[in-house]
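Put together the whole structure using the sequences plus the hints.
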Amino acid sequence: MSLTTILFYLFALLTLGSATFMVFSRNIVHAAFAMMFTLLGVAGLYVLLYADFIAATQILVYVGGILILILFGIMLTTQGFTSGFKTLTVNLVPGIGLALLASAGLIYVFVSSPWTSVSMEAPKTTITEMGMLLMHEYMLPFQVTGLLLLVAIIGALLMATKISHKPKKDS
Amino acid sequence: MRNIVKKGWSTFRTIFTGMGITIRHFFSPAVTLQYPDEREELPKIARSKLFVNIDDCIACDQCVRACPVNCIEIDTVKATADVDLGRTSDGKQKRMWVTRFDIDMAKCMYCDLCTFPCPTECIYMIQDYEYSEYDRNNLVYNFSNLSPEKIEEVTRKAEEDKLQKEQQAETETVTTKPGKTAKQTGSSSAKSIPGAKATSGAKSIPGAKPKTVPGAKSIPGAKPKTVPGAKTIPGAKPKTVPGAKSVPGSKPKTVPGAKTIPGSKLKTVPGAKSVPGAKTRTVPGAKTIPGAKPKTVPGAKTIPGAKPKAVPGAKTIPGSKPKTIPDAKQIPGAKAKTKSGVKKVPGGGKGSQKPNSEE
Amino acid sequence: MITESILLLLLFALIPLIIILIYALFAIWGERKVAGFIQDRLGPMRVGGWHGWAQSFADLLKLIQKEDIIPANADRFLFRLAPFIMFAASYAAFAVLPFSSSFIGSNLDIGVFFLLAITSLLSISVIMGGWASNNKWSLFGAMRSAAQMVSYEVPTIMSVLSVIVVAGSLNLMTVTEMQSGNDTLGFLPNWLILQNPFLIIAFVIFFISILAEAHRVPFDLPESESELVAGFQTEYSGMRWAMFMLAEYADMLLLSLLGAVLFFGGWNSPFGDFMAGPAWGFFWFMLKGLLLVFVMMWIRWTLPRYRVDQLMYLCWSILIPLSFLNFVLIALWEMIF
Numbered sequence: 095m096s097l098t099t100i101l102f103y104l105f106a107l108l109t110l111g112s113a114t115f116m117v118f119s120r121n122i123v124h125a126a127f128a129m130m131f132t133l134l135g136v137a138g139l140y141v142l143l144y145a146d147f148i149a150a151t152q153i154l155v156y157v158g159g160i161l162i163l164i165l166f167g168i169m170l171t172t173q174g175f176t177s178g179f180k181t182l183t184v185n186l187v188p189g190i191g192l193a194l195l196a197s198a199g200l201i202y203v204f205v206s207s208p209w210t211s212v213s214m215e216a217p218k219t220t221i222t223e224m225g226m227l228l229m230h231e232y233m234l235p236f237q238v239t240g241l242l243l244l245v246a247i248i249g250a251l252l253m254a255t256k257i258s259h260k261p262k263k264d265s
Numbered sequence: 007m008r009n010i011v012k013k014g015w016s017t018f019r020t021i022f023t024g025m026g027i028t029i030r031h032f033f034s035p036a037v038t039l040q041y042p043d044e045r046e047e048l049p050k051i052a053r054s055k056l057f058v059n060i061d062d063c064i065a066c067d068q069c070v071r072a073c074p075v076n077c078i079e080i081d082t083v084k085a086t087a088d089v090d091l092g093r094t095s096d097g098k099q100k101r102m103w104v105t106r107f108d109i110d111m112a113k114c115m116y117c118d119l120c121t122f123p124c125p126t127e128c129i130y131m132i133q134d135y136e137y138s139e140y141d142r143n144n145l146v147y148n149f150s151n152l153s154p155e156k157i158e159e160v161t162r163k164a165e166e167d168k169l170q171k172e173q174q175a176e177t178e179t180v181t182t183k184p185g186k187t188a189k190q191t192g193s194s195s196a197k198s199i200p201g202a203k204a205t206s207g208a209k210s211i212p213g214a215k216p217k218t219v220p221g222a223k224s225i226p227g228a229k230p231k232t233v234p235g236a237k238t239i240p241g242a243k244p245k246t247v248p249g250a251k252s253v254p255g256s257k258p259k260t261v262p263g264a265k266t267i268p269g270s271k272l273k274t275v276p277g278a279k280s281v282p283g284a285k286t287r288t289v290p291g292a293k294t295i296p297g298a299k300p301k302t303v304p305g306a307k308t309i310p311g312a313k314p315k316a317v318p319g320a321k322t323i324p325g326s327k328p329k330t331i332p333d334a335k336q337i338p339g340a341k342a343k344t345k346s347g348v349k350k351v352p353g354g355g356k357g358s359q360k361p362n363s364e365e
Numbered sequence: 003m004i005t006e007s008i009l010l011l012l013l014f015a016l017i018p019l020i021i022i023l024i025y026a027l028f029a030i031w032g033e034r035k036v037a038g039f040i041q042d043r044l045g046p047m048r049v050g051g052w053h054g055w056a057q058s059f060a061d062l063l064k065l066i067q068k069e070d071i072i073p074a075n076a077d078r079f080l081f082r083l084a085p086f087i088m089f090a091a092s093y094a095a096f097a098v099l100p101f102s103s104s105f106i107g108s109n110l111d112i113g114v115f116f117l118l119a120i121t122s123l124l125s126i127s128v129i130m131g132g133w134a135s136n137n138k139w140s141l142f143g144a145m146r147s148a149a150q151m152v153s154y155e156v157p158t159i160m161s162v163l164s165v166i167v168v169a170g171s172l173n174l175m176t177v178t179e180m181q182s183g184n185d186t187l188g189f190l191p192n193w194l195i196l197q198n199p200f201l202i203i204a205f206v207i208f209f210i211s212i213l214a215e216a217h218r219v220p221f222d223l224p225e226s227e228s229e230l231v232a233g234f235q236t237e238y239s240g241m242r243w244a245m246f247m248l249a250e251y252a253d254m255l256l257l258s259l260l261g262a263v264l265f266f267g268g269w270n271s272p273f274g275d276f277m278a279g280p281a282w283g284f285f286w287f288m289l290k291g292l293l294l295v296f297v298m299m300w301i302r303w304t305l306p307r308y309r310v311d312q313l314m315y316l317c318w319s320i321l322i323p324l325s326f327l328n329f330v331l332i333a334l335w336e337m338i339f
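In the order they appear, the protein sequences are chains A, B and C.
Numbering-wise (the working numbering), the first sequence opens with residue 95 and increments by one.
Numbering-wise (the working numbering), the second sequence opens with residue 7 and increments by one.
Numbering-wise (the working numbering), the third sequence opens with residue 3 and increments by one.
Treat the hints with care, since some could be wrong.
[Claimed, not checked] Straight-line alpha carbon distances no greater than 25 Å define the calculated SDA-like cross-link-like pairs of lysine to any residue that follow: (1) 156/B <-> 136/B; (2) 13/B <-> 303/C; (3) 218/A <-> 97/C; (4) 13/B <-> 97/C.
Note that these hints are calculated values from the structure, not bench results.
If you want it as structure tokens, here you go:
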């Protein structure tokens with residue numbers, strides 16, 4: 095068993111374990127923090143696949159951004175963060191049905207896919223290829239995404255600036 | 007746009023100005039004194055700790071009365087005639103055994119008021135400021151250099167002497183008054199009084215003599231009496247200040263070798279109430295006087311706690327009179343003196359009234 | 003084979019840890035000295051003889067002996083976990099810093115990107131500690147901290163991106179290597195900050211942002227002692243608190259070293275080939291980083307603290323537009339020259 099294998103199992107265990115905890119946790123804040131470990135475990139798995147850029151993006155965007163947003167949402171919208179949140183199990187039958195359907199679909203894809211083994215050769219660089227693809231083949235989507243984000247940021251700036259001007263006028 | 011640039015520029019300019027100031031201080035030497043390793047020399051007038059040069063103390067009690075927080079306690083025993091206590095460094099005759107001279111530095115508020123009245127300048131502040139203690143009781147400093155045995159002996163001697171004198175006085179019939187005063191004032195006062203008698207030898211003015219004799223001691227007492235406050239004081243003395251101090255005080259009024267002095271005192275007194283300092287100036291005759299007046303004045307007026315009874319009594323006078331009466335009894339001559347004093351007194355409303363009433 | 007490689011890994015990983023620990027001990031002492039000198043005092047003087055250099059060791063001993071207090075209503079697991087995650091995040095980021103020409107923890111292609119990503123865990127750990135303490139001050143501090151770090155990540159990343167555009171690589175080793183030599187104007191070192199005037203603006207933005215990310219004055223709102231006791235670390239004591247402290251100082255060093263790599267040539271000597279080499283490289287690298295740390299301390303004792311709305315205003319209305327504009331200008335400059 096190589097070091098990589100050990101690490102793979104470690105990360106897999108981390109991902110699955112924290113995901114299970116997240117689903118079954120009765121405390122929604124615990125669930126959110128468990129999700130952090132899930133995302134970290136997935137990032138670790140990405141690294142093992144030589145996709146370190148994706149891994150870092152995963153951490154930066156999901157852990158550093160979205161998860162914090164989720165936590166803010168939890169903590170700022172309810173006052174129950176000290177007593178713990180109640181998670182109820184509702185819609186049991188449709189939920190189970192949906193889960194069964196989804197797993198059936200996944201299993202079908204897993205079985206029917208023509209799996210091929212790829213050699214685990216470490217690539218010399220991990221991001222050059224991706225940069226090339228983004229800047230040539232997927233130029234348009236890349237630019238459109240960039241534009242969208244720019245608009246979003248400008249909107250955020252506008253809102254922030256307006257809000258922060260109010261106290262200024264007062265003074 | 008121009009505004010933004012301007013604002014941005016001024017922001018950075020001010021930040022760099024501030025940083026320039028801080029970096030200058032970074033390189034300038036520190037002002038810290040590494041205390042246990044280095045010590046700053048205190049100025050000569052620093053008030054850090056009281057010290058009493060007990061060899062110079064004549065037990066005049068002025069520091070006790072000056073102290074606003076009562077942190078000084080003095081017990082004295084009149085020296086018998088056969089003992090010579092020597093003289094202070096400035097030539098004053100010592101007549102009292104200082105059996106106790108305690109200063110509670112935990113109470114002391116470092117006002118320095120006790121050092122100025124001292125006629126021999128034996129109490130003063132020293133620069134020692136490192137005398138913290140784990141037990142508050144250790145902050146009570148005992149300056150008396152007499153051993154317990156010695157105190158015992160001295161006290162016994164004084165008692166015997168007093169007894170003897172009393173007997174003598176009884177035989178001479180005039181002594182009833184002093185006896186009363188003695189009872190009222192308490193042992194110490196009694197002691198001093200008899201002593202005074204002994205020295206003076208005159209029955210009629212026993213009280214007066216002691217006062218005059220001790221000089222400083224008696225005078226202070228005298229002043230209080232003379233002072234408008236003094237009127238109250240006489241009453242006060244018996245009650246509040248059983249100590250010898252009060253007693254001599256009563257006598258001094260009557261006695262005061264100098265009638266003029268009392269007069270001046272009286273006059274000054276009214277003013278004195280407001281300005282003790284004035285009193286001291288007016289009564290240069292007696293070194294002790296300056297000290298005495300301030301003491302008595304504040305004592306009577308400001309320290310009602312101590313003499314409260316006396317004070318109200320003083321105002322009402324009638325109440326005080328009874329107190330003063332003993333004095334009167336003691337010294338008919340005193341009355342005369344008081345009268346004379348009274349004449350001058352009129353300036354002081356209360357003072358004048360009292361003497362009149364007495365009369 | 004496996005054990006050997008693991009041992010080697012651990013040994014490698016230990017080097018930055020030792021650097022961090024030694025640095026933190028002396029930085030805490032140094033900060034107190036700087037504070038003292040700036041305020042015309044002397045600072046700690048008594049422990050260890052010369053200028054109290056062992057003060058931090060004494061403090062560490064004290065902290066080790068302290069009782070480990072966990073508030074009764076705290077979330078015990080998260081409360082315990084938070085300091086470790088915080089330190090782990092700071093520590094992991096050191097992996098991609100080129101300490102000298104011959105030592106770098108992990109020569110990642112995405113070096114600086116990894117660094118920025120892993121430090122975003124800091125804000126999560128801060129929220130974790132603040133929430134788990136079950137204390138209003140802690141929660142306030144955590145909220146402020148998270149909002150601040152998320153906001154200031156944007157100008158940080160934009161200014162880093164400006165450098166990346168000029169350098170053409172995310173790998174910090176490559177970025178450093180391309181700054182060697184003394185060709186600028188004939189004698190100045192090839193540091194990036196001297197090569198492009200707009201990179202000076204980028205550095206200013208970067209420095210302001212790392213002040214905010216490291217919770218340094220004037221952006222120390224998350225732990226502003228006059229308002230929030232100690233912010234998210236209010237309930238922490240003993241070694242857990244020390245862990246937070248260590249992580250904060252490590253973060254400070256990390257960001258300063260990043261600044262040194264990106265703008266001041268990393269381990270390159272300022273004198274060209276003179277005093278160059280792996281050991282000297284380490285010396286220069288740490289010197290540059292520590293100088294930036296010193297400036298941070300210097301600023302701490304100069305400027306007052308921002309208000310929350312001013313903080314956000316500064317970030318969203320000034321730094322972010324400016325960094326975007328600056329980014330475009332740098333790109334144009336690179337195209338033209």
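Here's how the hints hold up against the structure:
1. In summary, the hint linking residue 156/B to residue 136/B is not supported, as the alpha carbons are separated by about 32 Å, beyond the 25 Å threshold.
2. Distance check on the hinted pair: residue 13/B and residue 303/C sit about 23 Å apart at the alpha-carbon level, within 25 Å; holds.
3. For the proposed pair residue 218/A and residue 97/C, the alpha carbon gap of about 19 Å is at most 25 Å, so the pair holds.
4. Simply put, residue 13/B and residue 97/C have alpha-carbon atoms about 40 Å apart, too far for the 25 Å limit, and the pair is violated.
Of the hints listed earlier, those the structure fails to meet are numbers 1 and 4, in rising order.
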